Every structure is written in C-alpha cells, then in structure tokens.
Amino acid sequence: VLFGYAVNTDVRNVATALVDHDRTPASRELVAALTASGYFRVVLTSDRPADLGRALDQGQAVVGLVIPEGYAADLAAGRGPAVQMIVDGTNSNTATVAQGYAARIVQQLGARLAARAGLAPDGIELRARAWFNPSLASRVYNVPAVIGVIVLLMCLLLTAMAVVREREMGTLEQLLVSPLSAGELMLGKTLPVAVVALVQMSLVTTVALLWFDVPLRGPVTTLLLAAALFILAGLSLGLLVSTFSATQQEAFLGMFLFFLPAIILSGFLYPIDTMPELFQRLTLANPLRHFLDIVRGVFLRGAGLAELWVQFAVLAGMALAGLAVATARFRATL
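Under our numbering, the letters of the sequence shown match residues 3 to 336, in that order.
No lab work stands behind these hints: they were computed from the structure.
A few of these clues could be false.
Claimed, not checked - If you anchor each label on the Cβ, the simulated ranges turn out as follows:
#	residue 1	residue 2	range
1	138	319	29 to 39 angstroms
2	263	303	50 to 60 angstroms
3	222	255	50 to 60 angstroms
4	312	27	52 to 62 angstroms
5	315	282	18 to 28 angstroms
6	117	152	33 to 43 angstroms
7	312	30	26 to 36 angstroms
8	7	60	26 to 36 angstroms
9	117	280	21 to 31 angstroms
10	138	68	53 to 63 angstroms
11	75	49	42 to 52 angstroms
Owing to the predicted nature of the structure, the values given are computational and were not obtained by experimental measurement.
Even glycine gets a Cβ: it sits at the ideal position worked out from N, Cα and C.
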C-alpha cells in the first residue's frame with residue numbers, strides 16, 4: 003500500500019510563482035489555462051521578478067512564470083508573444099514533465115485563440131493516445147511490480163536462514179544422521195516458504211485489483227505459472243546464500259547484498275533502456291527483471307504465454323539451475 007501511494011511519478015498541483023507584468027484579460031486567460039488543468043497551482047503572485055527567484059531558491063515554488071508587458075498587444079497584433087517559464091531542475095522528472103505539460107497547454111491555448119480570431123493555426127496537430135495505460139497513472143505501472151519485490155524479499159529472507167539456523171542451533175548433526183536425502187531436506191525447507199509466498203502474492207494481487215483498481219487484462223493462469231517459477235528461483239537463491247553463510251547475521255547481510263541490486267537492476271524503479279549497456283546486460287541475470295516483464299505484460303497488455311515464453315524459459319532455467327547448485331552446496335555443507 004505504501005509503494006502504491008508513495009512511489010508516484012505523476013506530476014500534479016506543481017507550486018507555481020507568477021509575475022504578471024501585463025495584467026490583462028489575455029494574460030489572466032493564460033494563467034487560468036495552466037491552473038485549470040490541475041497540473042499547476044499558483045502559490046505566489048508578485049510584481050517583482052526577485053520574489054520569483056527567492057521562491058525558487060527557498061523551495062516555495064517549483065515553477066516560475068513571467069508574463070511580460072505587451073503580451074496582450076502582441077497577441078492581438080498576430081505577433082507571437084514570449085512568456086518565460088523557469089523550472090526548478092532539482093527533481094529532473096518533475097521539471098521535464100512540468101515543461102511538457104506547460105508546452106502542451108500553451109499550444110492548445112494558442113490554437114483556441116487563433117480559431118477565435120478566425121485564423122488557421124500553424125503547424126501540424128498531433129493527437130497522442132497512451133495505448134495500455136490511457137490515464138498514464140504511475141500506480142498502474144508500479145503496483146504490479148510490487149508483487150515481485152515482496153515475493154522475492156519473502157523467499158530470500160526465510161530461506162537464507164534455513165540451513166545456517168540449523169547450524170547455529172546445533173541441530174545440523176541430527177540432520178546428518180537422519181534417513182532424509184539432501185534433496186528431501188531441501189524440499190522440506192522450501193515448500194512452506196513457497197506456500198507463504200503464494201499466499202502473499204494472492205494478497206498483494208487482490209489489493210492491486212480491488213484497492214488500486216489496477217486492470218488485469220491477461221490470463222490468471224499465466225500469472226500463477228510465472229509466480230511458481232519465480233518463487234522457485236528466489237528460494238534457490240536464498241538457500242544458496244544460506245549454504246555459504248556461517249551465521250544468521252551473515253545470511254541476512256548476504257541476502258541484502260543480492261536483494262538491493264536486484265531491485266535496482268529490475269526496471270522496478272528505473273527504466274532498463276536508460277541504463278548503460280553493461281548494466282542492461284547485467285539485468286538479464288536478474289530473475290526479478292524477467293518476472294516484472296511478465297507481471298506488467300499480463301496486467302497491462304493482456305499478454306499470454308505465447309508473447310512471454312522467453313521470460314518463462316529464462317525463469318525456468320534459473321530456477322532449475324539455482325536449485326541444483328543449492329542442493330550440491332547443501333550436500334557439500336553436510
């Protein structure tokens with residue numbers, strides 16, 4: 003729930019400082035067009051540009067708008083009036099999005115004014131539409147990805163403690179003399195965690211659908227199959243960390259040594275396409291990256307096994323290889 007609300011890249015009600023030297027109905031119409039969109043909110047109005055700079059410096063405003071004297075006269079004479087917009091670039095995402103919103107609003111206002119004056123607007127009109135997320139709501143993109151992050155954390159956290167806890171408590175010797183094979187012991191360590199992870203995934207998915215109203219356009223069976231493979235891959239990684247650790251503290255730190263880079267290199271917070279080529283290649287070894295591709299494809303695009311078979315094959319390979327290596331390491335530990 004916190005991720006759904008807090009991890010939000012939507013830009014709304016951007017604090018705006020206004021300096022209107024023209025003070026005409028035309029300049030007020032421009033301000034009204036910006037504020038009526040819901041993207042900008044005027045928090046300061048002044049006659050002095052120094053106040054605008056001070057508001058930006060002190061963080062009171064993110065955007066500064068300066069309408070020069072003669073704006074309405076230039077508009078009436080058919081000359082393109084110049085309006086200055088200053089954006090705080092501390093948060094580059096907010097600055098970029100705010101600039102884009104302002105440019106689009108001003109362009110639409112210019113087209114309306116030209117039509118009102120009986121003039122044909124210049125240029126080509128572009129009508130864009132977002133295909134899979136029409137409202138461009140960031141929660142629709144972020145909330146499904148939380149499923150993978152929480153499931154991976156649960157798998158790593160519980161299984162990383164599995165073997166090393168037996169060693170610390172002195173019960174590993176009892177396992178040595180038991181008739182169970184290494185594979186059966188591994189199965190006993192992983193099955194309860196797998197059940198917990200599936201229950202947790204069902205809970206998070208239910209919250210995504212009913213609370214955040216995230217659409218689920220693809221088949222549920224595809225999502226469940228991907229979850230099973232991803233859980234196996236996560237369990238194998240956790241067990242592998244456990245076999246390399248001597249204490250529970252080592253296992254806990256080793257788990258986070260993998261978990262944090264896995265989130266960064268998964269596309270959960272940052273688009274993979276914007277990463278350097280070396281890091282893009284590293285993401286291919288990250289099971290969370292492939293699971294998020296499947297989850298977002300099933301939720302948003304309605305994709306099925308036919309479109310996502312590559313990701314499924316990679317997850318299956320990672321799960322089998324990880325369990326094989328973890329079992330071999332467990333035998334060596336015994």
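Here is what the structure says about each hint:
1. 138 x 319: 29 to 39 angstroms: 35 angstroms, holds
2. 263 x 303: 50 to 60 angstroms: 27 angstroms, violated
3. 222 x 255: 50 to 60 angstroms: 37 angstroms, violated
4. 312 x 27: 52 to 62 angstroms: Since the Cβ atoms of residue 312 and residue 27 sit about 59 angstroms apart, the hinted range of 52 to 62 angstroms holds.
5. 315 x 282: 18 to 28 angstroms: Holds, since residue 315 and residue 282 (Cβ atoms, about 19 angstroms apart) stay within the stated range.
6. 117 x 152: 33 to 43 angstroms: Violated: the Cβ-Cβ distance is about 51 angstroms, outside 33 to 43 angstroms.
7. 312 x 30: 26 to 36 angstroms: 56 angstroms, violated
8. 7 x 60: 26 to 36 angstroms: At roughly 27 angstroms between Cβ atoms, residue 60 and residue 7 fall inside 26 to 36 angstroms, so the hint holds.
9. 117 x 280: 21 to 31 angstroms: 51 angstroms, violated
10. 138 x 68: 53 to 63 angstroms: Hint violated: Cβ distance 29 angstroms, outside 53 to 63 angstroms.
11. 75 x 49: 42 to 52 angstroms: 19 angstroms, violated
Hint compliance for this structure: hints 2, 3, 6, 7, 9, 10, 11 are broken, all remaining hints hold.
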